[in-house]
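Peer 1: Numbering of the sequence shown is given in my numbering, commencing with residue 59 and proceeding in unit increments.
Note that these hints are calculated values from the structure, not bench results. Accuracy of the hints is not assured; some may be wrong.
Here are the simulated lysine to aspartate or glutamate pairs, EDC-like style, with alpha carbons at most 16 Å apart [unchecked claim]:
(1) 83 with 112
(2) 168 with 138
(3) 83 with 178
(4) 168 with 178
(5) 168 with 147
(6) 83 with 147
(7) 83 with 192
Now the in silico label distances, taken between C-beta atoms and shown as ranges [said to hold, decoys possible]:
(8) 173 with 114: 29 to 37 Å
(9) 189 with 139: 30 to 38 Å
(10) 152 with 116: 30 to 38 Å
(11) 179 with 154: 15 to 23 Å
(12) 158 with 138: 28 to 36 Å
(13) 173 with 121: 30 to 38 Å
(14) 96 with 198: 27 to 35 Å
(15) 180 with 96: 28 to 36 Å
(16) 80 with 140: 25 to 33 Å
Computed from a predicted structure; not experimentally measured. Beta carbons: idealized from backbone N, C-alpha and C, even for Gly.
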Amino acid sequence: MVRWAASAYREVMTSTPYDQDDLLKFLVEYGVALGSGDLEAVTESLAYPSVVVEAVRSLVVPDAEAARDRLGSMLAAYREQGLVAAVPEVRAVEQVGDALLWVDVRWSYKDENASEATAERVRYLLRRGRDTFELCVVVPVEA
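Please work from the sequences and hints to get the whole structure.
Peer 2: Pasting the structure below:
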């Protein structure tokens, strides 16, 4: 089940030039790709170049080949941990321009019993493109 945090929902509903359903559809499809280990679908969700910004480093992902190299081991690790689904909960959305959104998402990673095995928060800078959204900047949020 996809969750939309109530405060984010109220904030976004007041002035939303983008379609909330489109945003949720993108995140759900991205979560399905993460949970199933679909490397091609994950890499198709990225803009190129894209940037991952962590506390100690920034990583530029110049193209799909580099993304496959970097993300393949991450998806394999999810599967090794028994994680089979990634369910998004939108915590906040900030419109940054006509085509840009900062989106704060809590991911609930589920095991085969649909129990939450782990969770993480990530902020994304999304750009509207290719009839959907694409991930431009990925910022893991430390707990």
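Peer 1: So, for every hint listed, does it hold in this structure?
Peer 2: Hint check:
no., hint, result
1, 83 with 112, "violated (26 Å)"
2, 168 with 138, "holds (13 Å)"
3, 83 with 178, "violated (19 Å)"
4, 168 with 178, "holds (12 Å)"
5, 168 with 147, "holds (13 Å)"
6, 83 with 147, "holds (12 Å)"
7, 83 with 192, "holds (12 Å)"
8, 173 with 114: 29 to 37 Å, "holds (31 Å)"
9, 189 with 139: 30 to 38 Å, "holds (33 Å)"
10, 152 with 116: 30 to 38 Å, "violated (21 Å)"
11, 179 with 154: 15 to 23 Å, "holds (19 Å)"
12, 158 with 138: 28 to 36 Å, "holds (35 Å)"
13, 173 with 121: 30 to 38 Å, "holds (37 Å)"
14, 96 with 198: 27 to 35 Å, "violated (21 Å)"
15, 180 with 96: 28 to 36 Å, "violated (18 Å)"
16, 80 with 140: 25 to 33 Å, "holds (31 Å)"
Hint compliance for this structure: hints 1, 3, 10, 14, 15 are broken, all remaining hints hold.
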